[in-house]
Amino acid sequence: MEIVGKLHPLLVHLPIGFLIIGLLLYGWKLVDPTRNFGEALRPIFLLGAIAALLSCLSGLQLMDSGEYDVATVTRHRNMGIALAVVSFLFWFRLGQQSLNKRLPFLAISLSVLLVITGHYGGTLTHGSGFLTVDTKDSKKDRKEIKNIEDAILFGDIIQPILSEKCVSCHGAEKQKGNLRLDDSLKISKGGKNGKTVSGNADDALMLRRILLPPDDDEHMPPKEKGQLSSDEIALIRWWIKEGHSFSLKVKDIPKDSSIASVLKRFQQAGPQQTETIEEKWPEVAAADPEVVRLLRKAGIAITPISNTSNLLSLNLLNLTDSSMRIWEEIRKLREQVVILKADLPFIRDEHLKNIDEFTHLRKISLTHTQITDKVIQQLSALAELRSVNISNSHVTYRGLEKLVQLDKLRYLYAIQLTDSSYAQQLQEKLPNVEVLVKPFDVPILVSDTTEVVVTK
Amino acid sequence: MSNKTDRLLNQSREEYLQYTTRRHFLKECRTGLGMMAFGSLMGSCDFFGSKSGKNGVPELTAPLMPRAPHFPGKAKSIIYLHMAGAPSQLELFDYKPELLKLHGADCPQSFIQGKKFAFIRGVPTLLGPQAEFRQYGQSGAWVSNHLPHFQSVVDDVSFLKAVHTDQFNHAPAQLLMHTGSARLGRPSMGSWVTYGLGSENDNLPGFVVLTSGGANPDAGKSVWGSGFLPSVYQGVQCRSSGDPVLYIQDPSGMERDLKRASLDAINHINQQSYETFGDPETLSRIAQYEMAYKMQTTVPEVMDIKDEPAYIHEMYGTQPGRTAFANNALLARKLVEKGVRFVQLFDWGWDTHGTGPDGALNVGFINKCRQVDKAITALLLDLKQRGMLEETLVVWGGEFGRTPMQENREGKQNAFTGRDHHADAFTIWMAGGGIKNGVSHGATDEIGYHAVEGKVSVYDIQATILHQLGFDHEKLTYEFQGRPFRLTDVHGSIIKEIAS
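Line by line, the protein sequences give chains F and E. With my numbering, letter number 198 in the first sequence gets 198, and the count goes up by one each step, no holes. Add 456 to a position in the second sequence, counting from 1, and you land on the number used in my numbering.
Careful: at least some of the hints might be erroneous.
Below, a list of computed lysine to any residue pairs in the SDA-like style, where the Cα atoms sit at most 20 Å apart [as the list claims (entries may be wrong)]: (1) E:Lys892 with F:Ser230; (2) E:Lys952 with F:Val262; (3) F:Lys225 with F:Pro160; (4) F:Lys408 with E:Ser956; (5) E:Lys952 with F:Leu212; (6) F:Lys6 with F:Ile81; (7) F:Lys241 with F:Gln159; (8) E:Lys790 with F:His368; (9) F:Lys223 with E:Ile950; (10) F:Lys363 with F:Lys408; (11) E:Lys530 with F:Glu279; (12) F:Lys297 with E:Tyr749; (13) F:Lys438 with E:Pro765; (14) E:Lys952 with F:Gly226; (15) E:Lys794 with F:Arg296; (16) F:Lys264 with E:His897; (17) E:Lys952 with F:Ala234; (18) F:Lys186 with F:Gly243.
Honestly, the hints are just simulated from the structure, not real lab data. Every value quoted in this text rests on a predicted model; they were computed, and no experiment measured them.
Let's have the full structure, built from the sequences with the hints guiding it.
Now the structure itself:
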């Protein structure tokens, strides 16, 4: 019999569909009396009424499972029954000419009932805040933890995690598996499959469900819902292992080194593991397709950085034309280019004389070229630069000093330049930049070229 | 007389009618029917449909033209180092002191009950780690004494210590790792990537495969096949000694312009054939002829490591002209530098069962480590000093791991120390291409048998690799047999702990 109840979420859409189409046609007929849907209207409303009746029966069955907030579900039930009754009444009156006068009012009440019943149904499945509250913002409600040692493990750390990831299905409105995780008493009580947090950590039902592979039907939270991060799991595991107290503070609970580092991260980042901050890319106009075509023909690989952006990455890999004509064309892409690789022996300062106009440039590679410090002077105007590679060019270390003003610079590759005694000072001047000035070497070991043989 | 002529005329007309009715379908309608069928096929493939544009199916005449991913990716190229045969994680990265204490003890029943092994039968004994471990770098990563060079680069690497697969035989496990299916017929990861991104250098293939160790991987060429993707995306296997690609040189006496002229003629005919039948494979064929022509000059050049400076050879431990993993590692760097999208290295000989000295953990395995250790370290450092590690993702791993038990083939202890295939937990590492530095994600139990924390699947690895390149692995799809296919099929989630 349980299956009948489970069909309820499916069945309810039938009366919604039938009744809405019926009401629309009826409304049309009122506005334009020449329309005669008489033949169609009655069967539509009969079907709607029968479907509403079936929905009511299956709904009553589902209600017995006790997984829902009693107040909301009672209101939903009452409205649903009323809806079924009014549907039958409407169908019946539709056939009787004499009673047609008050029919429009009945139609309006039918519509209102439909909306209210549907709304309560929605509240039961999606939670009460679904319509009004922005789900993303609700995460920010968590209070900041000043000192993690003084925090109450359950109240300040565990409960917020549960509220965010579990309570929408195991809370006041909806109690899947008869389980509520929205307050300490309810958590201790457990659900229909038994206690959630009893026993040692690895036997605790809550943790077992969390640790099942995401494809497992029993895995919690369900695959398509927001998942727990590994830090959050570690915290829950620790909480259960240490006796799942609801009142102890963090400082009173023994912790090993790994949980200490999790806590540290938790305090720094807040409970929500910081998503890597997506680098903001500027919005620019699309490049002139004719220029792109021409440059591609000349052997330049041009790739948009993504299919939603007009920014471009240029690699001059197969360019053989050393004339300025090509660079006049490249200059037309100064808005769009974010990555420029021109590692060609014939590249000179002259080619790059307008490089300071490429304001969005983030990465430039000019290895094995003939460029000098003049180009570095130009590059120092490009505030967005993150990575500069001028290995094996004619740039000097003294010239590189001009890059100090680039706040965003993170990588500087300057291998085999002249005046290398200056390298140490350069690194000191660019503390946030990984400056690579010497090629790495890998030591030679005896074992590199010898083999182990069988010893009997 | 007239009667006779009439009869003859009628007879011939009848014959003509019979002739047309029979031949009509077979001959005249062949193209028409074919095109109708093809049209419907193509309709479902969406070759010329709405999607072909920025995000859609690549231009068939320039299948390797560089294309944009779904979002700006951190990595532009991949070097995948596959140790074919499956190296033992317990002798390299997954340090299990508890296993040493239990060395020689019978394996508990709970571990072997209901479990299937490739070779272990009955009750095997536990085998302690056959290596010494220490922690290295700021990250404190555990590395064994078999990798004395690699110890110095652990802070550039992120380890996945609890990878699992569901195949315990080499060929299906390799197929699963590289094509997302243990059965034949799916495109390999390299094919998906070149299909999605194209290649920056149209004089070279977008996907190159290099093998060492004396044999190809057990799953054969299907691990770099293109499956149902256009065949231009399949991996091109190059050799590091002799002609890099077999028969790449023109036969003696054939001039380059004669070659050009004959290619032009062949392409012209192929083009006509394409216009008649519309088979996309014809365009693939034209593109491949053109690429082969260009490769005749570019490939020998890029595949020649003689011109590399001496300090580079010293760094990698390379000797030009040899077929060795080290040469392949250096070539991988050169190829990526030249704009190749995906370089796949297979090194055969890691299948350490302990049946003979070559497959013994204390003999052959150590020698295998020595063959790759310096070269892998050099590759990472070389990429780093060239500014290429920022955008080149290096992946190292096997197709599965090895058991904490000594293998006992047919119930008898093997002659040498060795371990059986183990699908439940093994180690893979990644470096560069936006992967975090010095993270160790996941852990196994005290003897390294089960994953207990941070368990990731082969599909998760594939999803993460595609993510680093800028792809949503659920959206990089290809319509085939009426449904969109993808590398990770219906699985996979990005390993956020190491991705960025």
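Hint check: Lys297 of chain F vs Tyr749 of chain E, CA-CA at most 20 Å. Holds or violated?
Roughly 18 Å between the alpha carbons, so the hint for Lys297 of chain F and Tyr749 of chain E holds.
Decide if the proposed pair is consistent with the structure: Lys6 of chain F and Ile81 of chain F, CA atoms, cutoff 20 Å inclusive.
holds (18 Å)
Does Ile950 of chain E lie within 20 Å of Lys223 of chain F when you go C-alpha to C-alpha?
holds (13 Å)
If you draw a straight line from the CA of Lys408 of chain F to the CA of Ser956 of chain E, is it 20 Å or shorter?
The hint holds at about 18 Å.
Please work out if Lys225 of chain F and Pro160 of chain F have their alpha carbons no farther apart than 20 Å.
holds (17 Å)
Can you confirm whether the C-alpha distance between Lys241 of chain F and Gln159 of chain F stays at or below 20 Å?
holds (16 Å)
Is it true that the CA of Lys952 of chain E sits at most 20 Å from the CA of Gly226 of chain F?
Holds, at about 14 Å.
Below or equal to 20 Å on CA atoms is what counts here, so check Lys264 of chain F against His897 of chain E.
holds (17 Å)
Against the 20 Å threshold, does the CA-CA distance of Lys794 of chain E and Arg296 of chain F hold or violate the hint?
holds (16 Å)
Regarding the pair Lys438 of chain F and Pro765 of chain E, is the alpha-carbon distance no greater than 20 Å?
This hinted pair holds, its Cα atoms lying about 15 Å apart.
Would the hint linking Lys186 of chain F and Gly243 of chain F be met if the CA-CA limit is 20 Å?
holds (16 Å)
Under the criterion that the straight-line Cα-Cα distance not exceed 20 Å, is the pair Lys892 of chain E, Ser230 of chain F satisfied?
holds (16 Å)
The structure agrees with every numbered hint stated previously.
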